[in-house]
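Q: Same order as they appear, the protein sequences are chains A, B and C. 6 is the number of the first residue of the first sequence in our numbering; add one for each residue after it. 51 is the number of the first residue of the second sequence in our numbering; add one for each residue after it. 29 is the number of the first residue of the third sequence in our numbering; add one for each residue after it.
Hints are supplied without guarantee of correctness; some may be wrong.
What the hints assert, rightly or not - Lysine to aspartate or glutamate pairs mimicking EDC-like chemistry, simulated, CA-CA at most 16 Å apart:
id: 1; chain 1: A; residue 1: Lys555; chain 2: B; residue 2: Glu106
id: 2; chain 1: B; residue 1: Lys337; chain 2: C; residue 2: Asp56
id: 3; chain 1: A; residue 1: Lys190; chain 2: A; residue 2: Glu208
Said to hold, decoys possible - Residues on chain C that point at chain B, a partial pick, calculated with CB under 7 Å:
id: 4; residue: Ile100
id: 5; residue: Tyr131
id: 6; residue: Ser142
Hints in this document: simulated from the structure, not taken from any laboratory. In this text the structure is predicted, and so the values were computed from the model without any measurement. Virtual Cβ for every residue (Gly too), placed ideally from N, Cα, C.
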Amino acid sequence: MHLLFYSFLVGSIGSFASLVLTKKYRNKFASFCVVLEGLICSYESLSIISSGKTTTFNSNQLLPFFGIRLSLDPLSAYFILITSLLAIAVGIYQLGYIRHSTKAKTPTFIYPFFFTSMVLVPISNSVATFMASWEIMAITSILLVLTDHAKNNNSGHATQWYALMTHLGAASIFIGFLILSLGTKHQQFSSIVMSSSSLSTIEKSLAFFLLFIGFASKAGATPFHVWLPRAHPQAPSPVSAMMSGAMVNLGIYGIIKTGMTLIKVSEGWWWIVVIAIGTISAIYGALQCVTNSDIKKLLAYSTIDNVGLMIIGIGASGLLATAKDEKFALFMISGVLFQMLAHSIFKGLLFLSAGSIQYSTGSLNLDQLGGLLKKIPLTSTCLLIGAFSISALPPFSGFSSEWVLFEGLFRSILHLSGVNRLAVLFGLSGFALASGLTATAFVKTTGIGLLGVARSSHAETAKEVPPTMLFSTFLLALSCLVIGIVPGYFLKLTMKSSQLLFPAKKLSPNFKYGSIDLPNLATNIDPLLLLVLFTIALLMILLLLKAAIKRKVRITNSWGCGNEYSNSKTQYTATSFAEPLQRVFADVIRPDQDLVVSHVEESRFYVNNITYSNLSQDSIERFVYVPIKRAVTTWGKFASQMQNGSTHRYLSLGFIVLLIVILVLS
Amino acid sequence: MTVFSFTTSLLQLIFILACAPLLNGIMLKLKARAERRVGPPIFQTFFDLAKLFKKERLRSQNASIFSALAPVVLISSTVVVIIVSPILSTQELFKTSGDLFAIVFILLVGSLMIALLGLDPGTPFGGLGSSRAMTISSLSEPALLVSIVAISIQAKSTNLSTIVSANLSHPIWLVSPPHLLAIFALLIVIFAEAGRIPVDNPATHLELTMIYEAMILESSGEDLALIKLGEFMRFTLLLLIVANLFFPFGIDTQANWIQLILSSGISLIKLTILGSLVTLLEVTQAKLRLFRVPELLAGAFVLAVLAVISEFVA
Amino acid sequence: MTTNYFSMTYLFSGTVLVCAIIALWRKDIKAIIYSVAFHGVALGIVGFSEGLSRHDLALVQAGIETFILKGIVFPILIFRIFNRSGGQRDVEPLINTTASMLYTSLFIGIPFFSIGRLPYIASSPQSKLVPIGFATLLVGFYILITRRRIISQIVGLIIFENGISLIAFLLISGLPLLVELGESLDVLLVVIVLRVLAITIQSRIGNVDLAEMKELHD
């Protein structure tokens, strides 16, 4: 525990030093401090997970009235581990990523605090401490999203959405906690856990759903997601990576903490609602991910999709726990945590690679990229590995984690009954559709962005990024591969961390060479073996071909129906790639399509020019949030009429309120 | 890992390598006969492949390393699946690794590679093909995974060998409605994934309708040969897996050498029967419009869901 | 022996439901009529095998009756309407087929998990199949709701009614002969009346689209 405090100190030193140091050393020193902080935190969390002990820290001085209550257990250590691993990579990446020379002070100053707050959230052990660190996290991330606001008009707008949603979420969490605290007469989490049985069912359900909504909005679950695809892409790429890879996890942490520890005995139907929300998020996120052409926006939507998968898993685990099948509940939740690890790493990798592409081409719009694999091969390879991981291709991390999720859902279907089983079945169907759509989305991203011919002069002149940025993305790419090849070691880690949720049951994992092999599953995977077989097959075929055929390849033009053309505009674009799916799901996506053909004046058989626009907006935003916003605005106008500046009116309003309060109290 | 299991896996590989072009030849011949044509000899596919291997390899100047890598990866991923799945015997090498979910995703590696290959040379055709292929593949995923769940429920395992052995010891499961429904859904998905007729016509080169052929339009020479061979192998493999799920009799379970040899003969018969059924379907059915394919796959999904639900009824 | 009868009942009850779904799935009217014919045949076999397993002559009789009436007579009648009305093959449902299939997958599961809780259903193995009947009934109802053409509506009605018969076959030893006969005749009557109507309307306004028939209301 104390090591964590030292790490916070290191981070703060870095951030304050960045205020005084000269431009040359500022960034380097701050990044160094963040990396060091990350290293210390990951060391500490690893040791906590392996020892399985819980350490606490209480102080009455630091925060007025309530004091600070911290507790570091294996579960929170696991979240800290993911956050700090990502922070290390991002810290290294930032060394090379100084484009904001004018504004460089603010992000380097705030970033360590953002990281620190993300470590503080999972170790908070009382309502007050939790809300305080939650707010620090929200505010620092809002400031970080605003980094580019001078250059970019959108970021202000995005920040408004983000600030609004995050505070509504915080309010919902706060009310939920209040209900729990009032019902149990405690504000420390460990005491709430002890006396949660004294709550009535209605209180519990209300608290659960308020907390769930608040945490789900931080995690970006549909329909509380609208801020996410706006805010995540607007931040600088390292910050986007942290937000999508680490901050979102804390929403998941909140859901797990609420449903599985704070409120001990849960009701089955809560989890059915949770699965429904998860399924909707997975499908909706994946659909929007397919249809968007902006790399970072697409990545943000795929975060929603992955969060959906995790929430489905949490729901299934909760159902298993209520059905007293704790063994598989434990397996399922370990799968969720494993998926979270895999997601954090590959999403970090993808966001950082996207940042590198923006760095070297100046554009993130897929319709302007193309042919990058030849121009910037190293960055492109990293992006490819990220894309393969997220598409769940073996032997990368996404495959192993989704396998565990699938296997867990399959076991849930076997072991549950009635409506619960049906709910998990639909969760599984949503999972399947989302994984298919994700594969399509990332074939689009890599195929359109990296292959083919450059679609603009930016892409034509792309240059490789500085070595520190490359190093960081390579580190993450390597982690994707390692997690994918020896998933057993990592699953063991997640099982150890989640053991605390179901202390009664113990799975005894016997993972030889990192394969996943549990006696209760009656099946296993061994990605290492698959990889070895694959490599042998690949090498044999290549050798055979080399021995048999000695002809060289002749390089020619692409075939153009008999014409010779070298026009990059005839290629498929990202928009056209997604068009069939957009049409299939038109009812959900509701694209705005517009085709304007103007003719030559003399004859209408000759076309002068054709304009085609295809805009897909977030339909949930359009059909849910915009009406709400309109209603709020109307109400605001009404309120502003009441507020006409006359002191007498304000006083009389106060008087009326006082009267009402007295009436209600009596 | 015994001598037997090693031989089994090797034999499976050789069997599929030999049968895949043969099956294609038989199907082409049958199709021709059904249309009152003479048709090519049944070994024609071998000659075609040999010819392609001899031909010069052209590659687009825009192409990257994917054009060279994709065909080889396609075949290697298929080979991995062949080695770990029970085709001739349930005593195959690394039998515990033949997990159905894993198999689906290993095969997906090959599909994604071909989709990327389509986008590699930067031509409109390739993009058209891979866009359509990925659309179909992503829409077929729910039906595929749910039918896998349905098939696995009775054996309580998603491991292919375990399922086949369990079905063999409880033959009554094979004719239960859930099993039949699941197999039917799985067949529809396989038709979609393998690009057979209600979804895609492998014999067409019309840009309005082609899907698979559009992606590999730029490939030539040994690249094309490898892709074609890989496709035949995948189709044969999928048919054999379905055959073993639907009618596992004849497969070796006891590590018996004689049974293993018999099993290859029986598998060839199963393959021919299934291939003829597929041909029959291809001759009698018209290709669906691209935007009618989702209806087909949604239907398969409903059947798969129904299979899972009814699994718990009786 | 009874287990064999049971698996037969199970298989053909399943067929009844699947045929109903196929009728919803396909757009080709011919295919729909064939699937309804098959549907009736399967229902007849269910009655037949249940009757044999329970040594209930009335049930066997009802099964044969259903087989002939619903598997052969009705489809032929519908075919004749179809041929008279001629031409238009495609039925355009109010909700597109893909969406319909997804909704179906949602509501089909419900009876399986809710009917089992009803207290008055005996715990015989056959009663476990009752949800299939309910699901069939729901599918029939759904077809009735979403289809425009009269033929498809008749198909929906028949499927609906077959769902009820299936439940009856499974739970009690079939409906009493008289009721069954009366009901079948009822449907037959409806078919004939609708047929006459359809042909008349067809000859008057040249279309049998229900949505367009709204205009006749005024």
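Q: Each hint: holds or not?
A: Now for the hints, and whether the structure bears them out:
1. Lys555(A) <-> Glu106(B): Given pair lysine 555(A), glutamate 106(B) holds - Cα atoms ~11 Å apart, limit 16 Å.
2. Lys337(B) <-> Asp56(C): 15 Å, holds
3. Lys190(A) <-> Glu208(A): 13 Å, holds
4. Ile100: 24 Å, violated
5. Tyr131: Where the cut-off is 7 Å and the nearest Cβ of chain B is about 10 Å from tyrosine 131(C), the hint is violated.
6. Ser142: Violated: closest Cβ of chain B sits about 12 Å from serine 142(C), beyond 7 Å.
Hint compliance for this structure: hints 4, 5, 6 are not met, and every other hint is.
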